[in-house]
Amino acid sequence: MTVTGNMIVTDKYDLFKNKYLANFWRSKYYPLVFQVAFAAIMVGMIYHGLSGPLSTNENAISMGAFFVFWWGIIFVMGVMGRSWCAICPVGAVSGAVNRFNRGYNFPQKLSNWALPAASYALLIWGLDLVFSWSSTPFSFAIWFIGIVGLALMMGFAFKGRTFCKYMCPITAPLAVMARISPIEVRARTQGSTYSETYIKNITMIRKSVASTSSSSSDAIADAGETKNGKKLGNKNKNVRMIDPECKECKTHDCAKGNEETEGCPWDQHPSVMMENNSCSMCMKCTHSCPSGQPMRLRLRNPLSELSKVFRPNAGEIAIIMILLSYYSIYDWPLIVDLGFPGFSESFLSSLHTAFPFITEDNVRYLLVGFFMTMGIVFGMYSLASYASAKISKTKFKLNFNNYGYAYLLIFILPLPLSVTIGYVPYYGEFLNIPLNTLGINMNLSSGFLLQDFLIYQNAEYDIKFRDILYSLPVFFAIPIGIYLVNRISRNMLDKHATSVTVLKTGLPHMILITMFTLAAFYSDAYSILNN
Amino acid sequence: MFKLLNASSPIPSNRETILTDEINNLGADIDAIKNASSFEDLEAIYNKTMEVASGPNWGNISADLLYRKDITASNNFMSTLETLNSLSKNTTQHTKAINDSIKRETNELVTDYGRVLDSLAVPIYDVPKMITNIVIPAIFVVIVILAIPRIRRKYKIRY
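Chain order of the listed sequences is H and W.
Each residue of the first sequence is one higher than the last, beginning at 172 in our numbering.
Each residue of the second sequence is one higher than the last, beginning at 366 in our numbering.
Hint data in this document are derived by calculation from the structure and do not stem from the laboratory.
One or more of the hints may lead you astray.
[To be verified] Keeping only pairs whose Cα atoms sit at most 27 Å apart, straight-line, the calculated DSSO-like set for lysine-lysine is:
hint: 1; chain 1: W; residue 1: K399; chain 2: W; residue 2: K454
hint: 2; chain 1: H; residue 1: K427; chain 2: W; residue 2: K521
hint: 3; chain 1: W; residue 1: K434; chain 2: H; residue 2: K427
hint: 4; chain 1: H; residue 1: K199; chain 2: W; residue 2: K521
hint: 5; chain 1: H; residue 1: K199; chain 2: H; residue 2: K188
hint: 6; chain 1: W; residue 1: K519; chain 2: H; residue 2: K330
hint: 7; chain 1: H; residue 1: K330; chain 2: W; residue 2: K521
hint: 8; chain 1: H; residue 1: K566; chain 2: H; residue 2: K675
hint: 9; chain 1: H; residue 1: K479; chain 2: H; residue 2: K199
If you're wondering where the values come from, they're calculated on a predicted model, not measured in any experiment.
Use the sequences and the hints to build the structure in full.
Here it is in structure tokens:
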């Protein structure tokens, strides 16, 4: 801890204290180097997709998209929030064009979570059915070109990063998953937590900062003193939590930028920022802050943002439910088979008879895996929220918008594990294509990494190992989910609420989390036993 | 140890396919022979060994091995394959001695396949391709990285 003036500053977990990390992230070449390098890789991949081999296994775009992009996304999601957005080549070209934008505002009606959720749902379910983009390199390249073209058009037409915020197919999952990042970029504050009064004043501060630069510092300074137009006087001492340097700052370069740097591309103000879902850790706030002293890159409890969400909204909950249904609950007919043997087979065949114009695969994948699973997940979650609302005598909306974050762990724990570790034996095969394309002719066979590891010597064990990596961590979701539900209930209810009331309120969600977790586990266990 | 290709060294046009697709197909064939051997299915072994020996996968891979001047790996694999093929040819004789020999030769084939993989894992550097696909793009990337800050300063574009 250090003392600045009359305030105590918590610097314990500041990664900028490490000179190598500070040099890396504070460098003027971060994230430029990564952006240009990834843009070059993207161009090469698109070129190979258009002119290279027609087989997915031989074309750099199909394998590259998995190896470079998917693995990269998973890694940065688990470690550094949505920092992929800072180095993403599509965002980079959109941002470059955005310097010369025509100044139109993106329609207010579309500035919400509906578009990102829809574009993500379209990416994972819709596009593959329409033109098999993931299995045809040429289609994949065309799809990529379409995405880049859209990013360029939106960057040129609208103010700010509209494509990244509202149209990028992966912005929605990255935004919700970034909430569990163990790292955060914030301005220096006293302590590491914020009080309720402070949180309620944030909206007003943000508006003040956005509306005028000259009065914004006063707004921040006065934030703790005014609430709904009434003076709070000395009772609210939370104003001290803002760093004195930020409080006295007249320019707010971190948010608005200066002549050199553009400021936060996500319209955030680091001195009052509460959440990671809109921070790409591009470090522009750090670069543009005149002194740079108040900026911190801090380690934090990854669950801290889930139990107390500053601005909970139904859009984010919808995305969590889409992710949950896509990664964990899609095999629900197998679970019904336990009680009613043969259900899934007869159910799928009857659906195919009812919808003869849809292929059998699409009945399983689209009709059951998408529409019905989504319906079941949303229906059960709404029911649990309704029950919680009735028990606690609070509004349904409040319950619906808050408890969903506790479900995040059902898929967020196993996903990076199974993708990053589970695919290690295949990294050799993945590397072969880029290496051979680049002129290094060699064959790295499966298991060139960890060759002596028993599991990787046997193809059958290997598949099971990957499934186990997915299925076992699911169990962590139950205790962590119950803990989070309890914390959310406590934060939502009156502070005088008894522990029994808190427990009762969260009980429907605790039961549902357990059910979903067991369903996810069963689906994987079934595939392990039957592979 | 690695080898170097230059403009005077002819590069097989299908090398990428050999090193990605065909080696995997050969691996799948070896697995099939291994399975057939464990079930003592002589007919399947005969058909599969014949398929491997006369098929394009092994032909291309052996050409690549010869190009790498690893004649031993190629010869060993081919000789074991031929032995296995001849042992399983007469499917009416199904004695314990033949079964044991087949199992021994199958293990030998798996070992030889491992040697083939080891040989193919030695990188051959295709210098002209590396220049066009790595060096030139890398130079371009560095130029862009160095140029962007200058351009934005000159034209007062905010970064």
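Q: Tell me, in ascending order, the numbers of any earlier hints that this structure violates.
A: 3 and 9
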